[in-house]
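S.K.: Dock the two chains into a complex; use the hints.
So the protein lines, in turn, are chains R and A. Heads up: the first sequence runs through residues 1 to 233, numbered per the numbering used here. Heads up: the second sequence runs through residues 1 to 261, numbered per the numbering used here.
These aren't lab readings, by the way, just hints derived from the structure by calculation. Please read all numbers here as calculations on a predicted model, not as lab measurements. The reader is advised that the hints may include incorrect statements.
[Claimed, not checked] Some chain R residues well away from chain A (every beta-carbon gap over 12 Å; in silico):
(1) Ala16
(2) Leu52
(3) Gly53
(4) Glu147
(5) Arg165
(6) Asn168
(7) Ala185
(8) Asn197
(9) Gly208
(10) Gly219
(11) Val221
[To be verified] Computed spacing ranges between beta-carbons, pair by pair:
(12) R:Pro198 x A:Gly131: 23 to 31 Å
(13) R:Tyr60 x A:Gly131: 36 to 44 Å
(14) A:Asn212 x R:Ala49: 28 to 36 Å
(15) R:Pro198 x A:Gly19: 56 to 64 Å
(16) A:Gln128 x R:Leu123: 31 to 39 Å
(17) A:Thr141 x R:Arg231: 54 to 62 Å
(18) A:Thr141 x R:Tyr60: 45 to 53 Å
(19) A:Glu3 x R:Lys163: 25 to 33 Å
(20) R:Pro198 x A:Gly38: 47 to 55 Å
(21) A:Thr37 x R:His30: 50 to 58 Å
(22) A:Asn212 x R:Glu46: 29 to 37 Å
(23) R:Lys124 x A:Met239: 43 to 51 Å
(24) A:Gly19 x R:Met72: 53 to 61 Å
(25) A:Gly19 x R:Glu46: 38 to 46 Å
[As the list claims (entries may be wrong)] In silico SDA-like cross-links for lysine to any residue, where the CA-CA straight-line distance does not exceed 25 Å:
(26) A:Lys231 x A:Arg186
(27) R:Lys24 x A:Arg74
(28) R:Lys124 x A:Lys106
(29) A:Lys211 x R:Asp141
(30) R:Lys24 x A:Asp53
(31) R:Lys124 x A:Ala229
(32) R:Lys124 x A:Leu92
(33) A:Lys106 x R:Gly156
(34) R:Lys24 x A:Asn14
(35) A:Lys106 x R:Val162
(36) A:Lys106 x R:Ala153
(37) R:Lys124 x A:Arg186
(38) R:Lys210 x R:Asn226
(39) R:Lys124 x A:His137
(40) A:Lys106 x A:Gly131
Heads up, the beta-carbon is just placed ideally off N, CA and C, and yes, glycines get one too.
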Amino acid sequence: MRLAICAGPATTGKTAVLRHVARKLLSLGHKVAFLKIDVQYAEEDEQLAAELGIPTRKVYSGELCPDHCSVMVLGDALAWAAAAGADVLLVETAGLCLRCAPYVDGGLGLIVMEATSGMNLPLKVGPMLSLADLAVVTKIDRVSQAEREVFRARIGEVAPRVKVREVNALHGIGIDPIVEEVLAAPLAFEGMQLRGNPPVGTCTICVGKKDIGWQSHFGVVRPLDNQTFYRGE
Amino acid sequence: MIERITVTTGHGRNGEADGMERLELRMGDVVSIVGPTGSGKTTLINDIELFADGDTPSGRRVLIDGARPPAEYRHDPARHPIALITQHTTFLSDLPVGLFLSTHAKIRCTVASGAVDLVEESLAFANQLTGEPIEAHSRMTELSGGQTRALLIADAAIICSTPIVLLDEVENAGIHRTRAIELLRRYRKIFIFVTHDPRIALLSDYRVVMKNGRITAVLHTDEAERIFAVKVSRLDDAMSDLRDRLRHGMRLDGTELRGLA
Ligand SMILES: Nc1ncnc2c1ncn2[C@@H]1O[C@H](COP(=O)(O)OP(=O)(O)OP(=O)(O)O)[C@@H](O)[C@H]1O
Ligand SMILES: Nc1nc2c(ncn2[C@@H]2O[C@H](COP(=O)(O)OP(=O)(O)O)[C@@H](O)[C@H]2O)c(=O)[nH]1
Ligand SMILES: [Mg+2]
Ligand SMILES: [Mg+2]
Ligand SMILES: [Zn+2]
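One chain only, chain A, in its complex shape (with noise of 0.2 Å):
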């Protein structure tokens, strides 16, 4: 079993180093990465799922257990202890939903026998997070930016279902996050969200603050932004609960915000 993931200091955009002695992610931790659009959040997640060694751009290292990660990690996915979800919003694939999981969960799930279930189960946990339901014949290239984020989320948990989680910018595309992040919460893994959502930030342990491609600061969660977190999460429900009627045609009078004040 994983107990820690290493990144050693590599450097920004212009070459000035990170911002910290290395980054050490223990098991069961809650992370998230912050920074502006543009400075390198995705680049560093990348890093850690492809275990970069010095040859990404960045030239950061990542260790597993304080060491290189054995190449199987890399190259057989039977193996990979990293779920990454992308930012992608569209699928390229142009496979039918239910043959492109069961073949992913073939590679990925020793078990040969479980792959069925595992099919069926991640299409129940996609549908959770989208409006409209996903159908297992339905071609994956025909999906919306929801449901194809809804389904990578379903896939990474439930057929990837490694001890590591990356998460780009689950907020985006109009998923019901908070449904995936209290799904995705049930499993001890490390989670490391990229994130500009201050539900999620405050959520997390500590979150890694990024600009211009180095990373600047590592802030842990406080006791005052614990208790401010209550107070967010209210408001949060509250646009969500706006969001949601919208979606189904109806009038909004503010009503939904009287609890707030």
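Pulled out of the complex, with its shape left as it was, chain R reads as follows (with noise of 0.2 Å):
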């Protein structure tokens, strides 16, 4: 099975992008299924299995990370793409939590980021970019030519060795080296693992304790002044 992830801030044209490539690849004579995991709320899945008739499928996240939910049901994910026919499984994640990334090391990891946005973007998005093996500039239509040249250049300086394609992806234009990417990668293989590793620790307010105040908490907690350190046993 081929699999390709693509994660990246909301409204920075996931959906789009891989619209096109699933369109693409279909037209190269691929099966494709598509996954969308996102933490509430999301249509994506509907949308393309209405415009392209392939197997589709969401999952909400809901308590758990988006970057760690995909990993719980990756495996399962990938079982029902092969059930369902498919010889390639995209995933679109939410991408909200910037500490993670949901890349694996069979497959491609992808990140979509639009050139509208600020130029400290790539500096702000960490593992989901250095992580990445290719990043997916869009909206290259919005911006003058010297922009997407120095917003290209900001991305390099964080991610020297991710690869940088753009896109307008609302007319599909650039979409053919993405597509060629996807079936360059290595496969998915049993017994995958995450890229990089996680950040460890979580603290009481992810189990719901509400008081404001790192006095209040206990595991990982962090102080205005001071470095992050362990409270308790």
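M.R.: Here it is in structure tokens:
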């Protein structure tokens, strides 16, 4: 099974990119399945099923970090996609947790960023960018060529290893090179691992304690003036 | 050195094919693209800048010196031979002008030491085209529409310094466009102007006419038009003069138009 996991901030164009990628893959004779992971609301699965007639699903991560949720469900999702007759699984995550990245060591990890966002976005998205294989820059139709080039350079400063591809996802311009990367990536395999090291430790806020101030909490805590430390047993 | 660009036949919005075998642009050509609003002018120059390969809505392909351009042209800005001055009149980049230009200069310029000079040179160029000067410490997002266009033109001419320059409606946004064209034409390049302006169109060697997303004709500027161009320029200078007086709070009394009759 081929696998592409697509992360990125909300409304950057993840669905718009995957829609064109799926369409191109279908035209090349591949069978595509689509999974959307979101925190509380998503309708991409219905849209893409209706437009492209492909098997789609969604899961709501609810209490879990969406990236953690994708780790939990990915095994099942690959089995589901295979049972549905697909040879490529496209996963769109919400990408809200900027400490984690959902990419695994099989398949392609791609982050979608919009050229219209501030020049500091590449500095803010952490492992979601640095652990990706490919950074897709959308909305190039909305900015000047000079801004596109400077935005690309900002990505290169943070993540020199990550390939950058620019697209206009509204008109599907620049999609072919992304499809080539999806098809060139290593296949998904039994026993895949998450890339990089997820941040360790939870805190009492994670389990629902709402008091303000670190003095009320245990586990990994953080005062304003000091670094994070561990409080408790 | 690039000698020519070829645009192969694509189609318009309703699928009707472009009305030419192929469009050949040669080094040193000055070309205009004309047509009603929404006729696909911007789309055509975007096809060129992106080296379309049948993967854009028009289905056109772009060749450089008769062959598919190498992938690095698209993926490495230092090697991209085209500078595109888009129709945008606002920047979305939240950087100070100086930092933006020096970052761009580092990408485009292979000799890193030259980057500082390029920034100053670009600002000086841009400030010849605007009314109120642009300062290195201003934020890009604060610039006016005219300042934005002036900076884009300066950036293309000095920092990009490419053999091919595409300009989308330079006449808009109140910059000194005659001065811009004069400054630009000192360099030997392929210039493609998207324009609604008769003066710019008549300055060109030929013009590509568009309608409903397709190329309908290529008109070479003929002898009669070249002679007429002198009159058009005079008329245009008189209009610029009027605009300038208006900008500087003066009264208009018609004396500006005297030499025209
Ligand atoms: N060959 C084509 N096939 C399909 N759609 C096209 C084609 N050419 C242009 N379009 C679409 O038509 C719309 C208008 O085109 P474009 O922006 O290029 O017009 P324009 O001539 O630059 O207009 P303006 O003078 O207002 O700047 C765009 O949405 C574009 O995607
Ligand atoms: N102009 C432009 N709009 C885009 C582009 N890509 C996406 N959009 C628009 O941005 C909005 C959000 O896109 P969507 O794919 O839903 O983002 P997601 O939340 O990351 O999945 C939609 O209105 C898209 O049409 C692009 O390249 N250019
Ligand atoms: Mg989406
Ligand atoms: Mg236009
Ligand atoms: Zn997380």
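S.K.: Each hint needs a verdict: does it hold in this structure or not?
M.R.: These are the hints, each one checked on the structure:
{"no.": "1", "hint": "Ala16", "in the structure": "holds (15 Å)"}
{"no.": "2", "hint": "Leu52", "in the structure": "holds (19 Å)"}
{"no.": "3", "hint": "Gly53", "in the structure": "holds (23 Å)"}
{"no.": "4", "hint": "Glu147", "in the structure": "violated (5 Å)"}
{"no.": "5", "hint": "Arg165", "in the structure": "violated (8 Å)"}
{"no.": "6", "hint": "Asn168", "in the structure": "violated (8 Å)"}
{"no.": "7", "hint": "Ala185", "in the structure": "holds (18 Å)"}
{"no.": "8", "hint": "Asn197", "in the structure": "holds (30 Å)"}
{"no.": "9", "hint": "Gly208", "in the structure": "holds (37 Å)"}
{"no.": "10", "hint": "Gly219", "in the structure": "holds (36 Å)"}
{"no.": "11", "hint": "Val221", "in the structure": "holds (33 Å)"}
{"no.": "12", "hint": "R:Pro198 x A:Gly131: 23 to 31 Å", "in the structure": "violated (55 Å)"}
{"no.": "13", "hint": "R:Tyr60 x A:Gly131: 36 to 44 Å", "in the structure": "violated (55 Å)"}
{"no.": "14", "hint": "A:Asn212 x R:Ala49: 28 to 36 Å", "in the structure": "holds (34 Å)"}
{"no.": "15", "hint": "R:Pro198 x A:Gly19: 56 to 64 Å", "in the structure": "holds (59 Å)"}
{"no.": "16", "hint": "A:Gln128 x R:Leu123: 31 to 39 Å", "in the structure": "holds (35 Å)"}
{"no.": "17", "hint": "A:Thr141 x R:Arg231: 54 to 62 Å", "in the structure": "violated (43 Å)"}
{"no.": "18", "hint": "A:Thr141 x R:Tyr60: 45 to 53 Å", "in the structure": "violated (37 Å)"}
{"no.": "19", "hint": "A:Glu3 x R:Lys163: 25 to 33 Å", "in the structure": "holds (31 Å)"}
{"no.": "20", "hint": "R:Pro198 x A:Gly38: 47 to 55 Å", "in the structure": "holds (50 Å)"}
{"no.": "21", "hint": "A:Thr37 x R:His30: 50 to 58 Å", "in the structure": "violated (40 Å)"}
{"no.": "22", "hint": "A:Asn212 x R:Glu46: 29 to 37 Å", "in the structure": "holds (35 Å)"}
{"no.": "23", "hint": "R:Lys124 x A:Met239: 43 to 51 Å", "in the structure": "holds (48 Å)"}
{"no.": "24", "hint": "A:Gly19 x R:Met72: 53 to 61 Å", "in the structure": "holds (58 Å)"}
{"no.": "25", "hint": "A:Gly19 x R:Glu46: 38 to 46 Å", "in the structure": "holds (43 Å)"}
{"no.": "26", "hint": "A:Lys231 x A:Arg186", "in the structure": "holds (23 Å)"}
{"no.": "27", "hint": "R:Lys24 x A:Arg74", "in the structure": "holds (21 Å)"}
{"no.": "28", "hint": "R:Lys124 x A:Lys106", "in the structure": "holds (23 Å)"}
{"no.": "29", "hint": "A:Lys211 x R:Asp141", "in the structure": "holds (21 Å)"}
{"no.": "30", "hint": "R:Lys24 x A:Asp53", "in the structure": "holds (15 Å)"}
{"no.": "31", "hint": "R:Lys124 x A:Ala229", "in the structure": "violated (54 Å)"}
{"no.": "32", "hint": "R:Lys124 x A:Leu92", "in the structure": "holds (17 Å)"}
{"no.": "33", "hint": "A:Lys106 x R:Gly156", "in the structure": "holds (13 Å)"}
{"no.": "34", "hint": "R:Lys24 x A:Asn14", "in the structure": "holds (22 Å)"}
{"no.": "35", "hint": "A:Lys106 x R:Val162", "in the structure": "holds (19 Å)"}
{"no.": "36", "hint": "A:Lys106 x R:Ala153", "in the structure": "holds (9 Å)"}
{"no.": "37", "hint": "R:Lys124 x A:Arg186", "in the structure": "violated (43 Å)"}
{"no.": "38", "hint": "R:Lys210 x R:Asn226", "in the structure": "holds (21 Å)"}
{"no.": "39", "hint": "R:Lys124 x A:His137", "in the structure": "holds (24 Å)"}
{"no.": "40", "hint": "A:Lys106 x A:Gly131", "in the structure": "violated (28 Å)"}
The structure shown violates the earlier hints numbered 4, 5, 6, 12, 13, 17, 18, 21, 31, 37, 40.
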